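Enquirer: With the hints as your guide, set chains V and B with the ligands onto chain F.
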Amino acid sequence: MLATHSTSQRRRLQAVLEHASGDKRFKILEAHMKKFQFRHDALIEILHKAQELFGYLEDDLLLFISCKLKLPASRVYGVATFYHFFTLKPQGAHTCVVCMGTACYVKGANKVLAAIQEDLKVKPGETTADGQLSLLTARCIGACGIAPAVVYDGTVTPRQTAESALEQVRKWVTP
Amino acid sequence: MGDAMILSDLTQIKARELAARKKVVLRVCLAAGCMSSESKGVKERLEQAVAEAGLQEEVEVRGVGCMKLCCEGPLVQADPENALYIKVTAQNAPSIVAALKGGKAEVARTDPDAPFFKRQLGIVLANSGIVDPERIESYIALDGYQALHEVLHEMTPKEVVDAMVASGLRGRGGAGFPTGLKWGTVAKSPGAKKYVICNADEGDPGAFMDRSVLESDPHAVLEGMAIAAYAVGADQGFIYVRAEYPLAIARLQNAIKQAKQLGLLGSGVFESPFNFNIDIRIGAGAFVCGEETALMASVEGKRGTPRPRPPFPAESGLFGCPTLINNVETFANVPAIYRNGAEWFAGIGTEKSKGTKVFALAGKIKNTGLIEVPMGTPLRVIVEEMGGGAPDGGRIKAVQTGGPSGGCIPAQHLDTPVDYESLGKLGSIMGSGGMIVMDESTKMVDVARFFMEFCMDESCGKCIPCRAGTVQMHNLLEKILQRKATVRDLLKLEELCDMVKHTSLCGLGQTAPNPTLSTLRFFRNEYEELLQPDKFGPPGNGGPRESARTP
Amino acid sequence: MAAKTLTIDGKPISAEEGATILQASEEAGAKIPTLCHLDGVYDVGACRLCLVEVTGVPKLLPACTTTVAEGMDVKTDSERLRRYRRMILELLFAERNHVCAVCVSNGHCELQTLAYNHGMDHVRYDYLFPKWGVDNTHPLFGMDHNRCILCTRCVRVCWHIEGAGTKNVSGRGAQARIITDLNIPWGESDSCTRCGKCVQACPTGALSHKGSTVGEMERDRGKLEFIVLAREKKQWVTAD
Ligand SMILES: Cc1cc2nc3c(=O)[nH]c(=O)nc-3n(C[C@H](O)[C@H](O)[C@H](O)COP(=O)(O)O)c2cc1C
Ligand code: SF4
Ligand code: SF4
Ligand code: FES
Ligand code: FES
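Protein chains in written order, with the numbering used here: chain F, 891 to 1065; chain V, 1240 to 1790; chain B, 647 to 886.
For reference, chain F alone in the conformation it holds in the complex (with noise of 0.2 Å):
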């Protein structure tokens, strides 16, 4: 790089590279990236295990993954949006994943996301004003015999309704 190009990102990479010297994950997801022998294919498993660390992927994080890898920041940044699974932004406390699959639609998965939507004021993908919940949206989850299914924090859960939905949701939300 020029010398004389030495600007703002420079110095917000260097801010990040003191910060992460002082955090443990940083520390683990380095580990992590020498698992891989900092090779370039492993961009997707560092991002996965970013993620398990910190929870979404943060604009500094990218550009700390982005620098260890000695990759352009722009293919760091292509790959986290290209994919679903990752999020930029930070997720709720807790999360509900409704199944839009085909087997759960058919059978009223759509029913449910409306009305968690219109109960909670939250739209796929969003997060509750109070930060409790992230509502979101997914593509079959292979539980497709007992549809449709609901994910509440990482259980599936069988055979739900609106009813039922609502009221596990509401258990987390600040009325």
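These are computed hints drawn from the structure, not numbers from a lab.
Short, incomplete list of chain V residues facing chain B, as computed with Cβ under 8 Å:
id	residue
1	G1700
2	K1701
3	G1708
4	V1710
5	K1731
List time: in silico DSSO-like cross-link candidates among lysine-lysine, alpha-carbon distance up to 30 Å:
id	chain 1	residue 1	chain 2	residue 2
6	V	K1427	B	K705
7	F	K917	F	K939
8	V	K1279	V	K1340
9	V	K1541	F	K939
10	F	K1001	V	K1682
11	B	K777	V	K1740
12	V	K1723	F	K1001
13	V	K1326	F	K1001
14	F	K960	V	K1432
15	B	K777	F	K1011
16	V	K1326	F	K1061
17	V	K1541	V	K1740
18	B	K705	V	K1664
19	B	K777	F	K1013
20	F	K958	F	K924
21	B	K721	V	K1740
22	F	K1011	V	K1718
23	F	K925	V	K1496
24	V	K1723	V	K1740
25	B	K650	V	K1427
26	F	K960	B	K880
27	V	K1541	F	K960
28	V	K1496	F	K917
29	B	K869	B	K677
30	F	K1001	V	K1636
31	B	K705	V	K1740
32	B	K677	B	K650
33	V	K1682	F	K1011
34	F	K925	F	K960
35	V	K1279	F	K939
36	F	K1001	F	K1061
37	V	K1723	B	K777
38	V	K1718	F	K1013
39	F	K979	V	K1541
Keep in mind the model is a prediction, meaning the values are calculated, not measured.
Cβ coordinates follow ideal geometry from the N, Cα and C atoms, glycine included.
Expert: Quick look at chains V and B with the ligands alone, frame taken from chain F:
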């Protein structure tokens, strides 16, 4: 890593397993469907009950994979009596143990000889629900890894390929490409480094066959991959699993670890010069990554966008090396083919579609779950006899196969045999095996819109026809549903379907119009009922020039 | 290298082994429309305008990525191809906001030229009118996302020729968008060397030199070819 394994070690493990077998085996389904109904608690409670009754010496409680009738889960099966208990709870589980001593179990049972089970033929799912997916010894006891041994010691790679050709197996990932032909091409491609990839992305919504195979019998997939690697000359494998399948990922990781410990993966497998390692790569929620070139881009850590073929992966694939890519179910067929012979396999199914196919039966049907039937079985047998028809006295209207790339087969065609060609003739495809039953309450235009929305959301955005075309087609379908469209819009929709189908870069765009086209073919009246009269009269007589803004 | 003989639009020609149909067609004097293709950078086969018919092949093939084969019989023009090409162009015009009358590239735009050549005088699909922004933070160049057709020519020259890796695509499907570094304003980018290759590469008015007004943005494609030759073949060809 353990010492090199030899055949006698394998037979010893098998003998030990069989000798340790207890008089009664209680199998509890620990696949994702039943797990979500707390089957883990059921298993713990059963173990406790066995201990309390002092039956540890006689009764084994074993966690197994999918027992197929997912809608009735959690399922528990008792051997040798062959009783199948349904909807078991932690509360009533102890009565199953009590029943072993002559009491009566207070748990509902279902008939294991019902057509849902009797009509099935297990090759891919032969071990599912029987083997303990977390213990490699359990797989070895069922003759696991013997085919790999035989292949490595008694066949040349060319003979392995030839046998695959003779078996007639076709890819189970959707397109039905002859597997032997693909193996042969990769084997012949020059290159010091070659890869084998197992496509476990299973993105088709409403399909969970691959998930069940991975959760229920992961070693069959590993063994199949190893045999393929030997045939094509690869030493590194990857399994690309979607992140939505955490249990499958965990079971695979465990299975790979065990196989390495026993020297069934790694270097010098069975004291032969064959080396093979398998790594897992986890997807991140992109349907298009099931497409083989996009999948490879994703394994390379890039944006999962497809690229034009040729070059085909068999010539230039992962990291530019010759690469064999097959579906989970395709690999799961492999060990059985070498254990029983290619002729045995070729004897099952129809003229052009050999073997069996696993379907995930779901939607408006009584028995939802997994079925494996010989190719050529009529749809009617599947949905009416095995599936038990629509629940609550409803009537079946259509069967959707092939997911977002497939079509809806109307009830009047239920006598169609399921094989690649017959389904293709009806404008649908075999697909990976999702089979969604729809009843009279399902609106077909809405189904078409549902799939178009799916394709629109999942389009990678690289090529224009798919990226912009799916948006316009979705808008048109939405307009029709809102009763705002005229016959002009319908014609526009059909024209776009034709264009996107023939000009898109990858299979996603090329097949995105299929659900719309097939519902238009069989349920056109449902579209027409929603149309509004065109105030400009019928098209063709110089109507309006919509949005006549010159560029 | 071995030569292959084939016919393009009925004309028998010979082409080097490994040449694409697009390259061979120049020799035959056939003009195949392209948008994502740019001489000197690798092809991605994304715009699908260059699709041609090949006798005996059921699928349409992209001329820019399909290599010639012995005895191939190629048709670069037909009623069906023209219809598809026109529809693709219409889809592009409906997708973002291409208001040529006020565009810096008016009169020098590849998209506009193609539309004229294909008699595309109106768009039958609903305009989507998305609200994409304009990035004017760079001291030399401007980026108007409303006019971007996502051909990725800028991304490819930035990676492949300049090697800076400043530009890339974020998101997917209709939400895809060209980004700079970590999706930051172009003017704040460290990696951008201000070489201007992306601006030279852009087929539309999406990328432009600062200060160009309507119709002023002409491109000097010769510059790109000069650099490509220099980088790849170590030949510095200044005069044509
Ligand atoms: C959009 C799209 C999605 C696909 N998804 C899958 C998938 O989830 N699983 C799969 O095995 N094959 C999928 N395929 C097919 C693969 O590209 C490839 O043909 C297959 O993995 C080859 O394996 P086989 O020969 O064993 O069928 C998909 C294809 C397309 C175009
Ligand atoms: S058809 Fe769709 S998914 Fe496939 S390359 Fe084109 S835009 Fe991407
Ligand atoms: S900015 Fe220009 S060159 Fe870059 S993708 Fe958009 S239209 Fe193509
Ligand atoms: S459609 Fe919801 S789990 Fe498959
Ligand atoms: S020029 Fe060939 S696809 Fe765009």
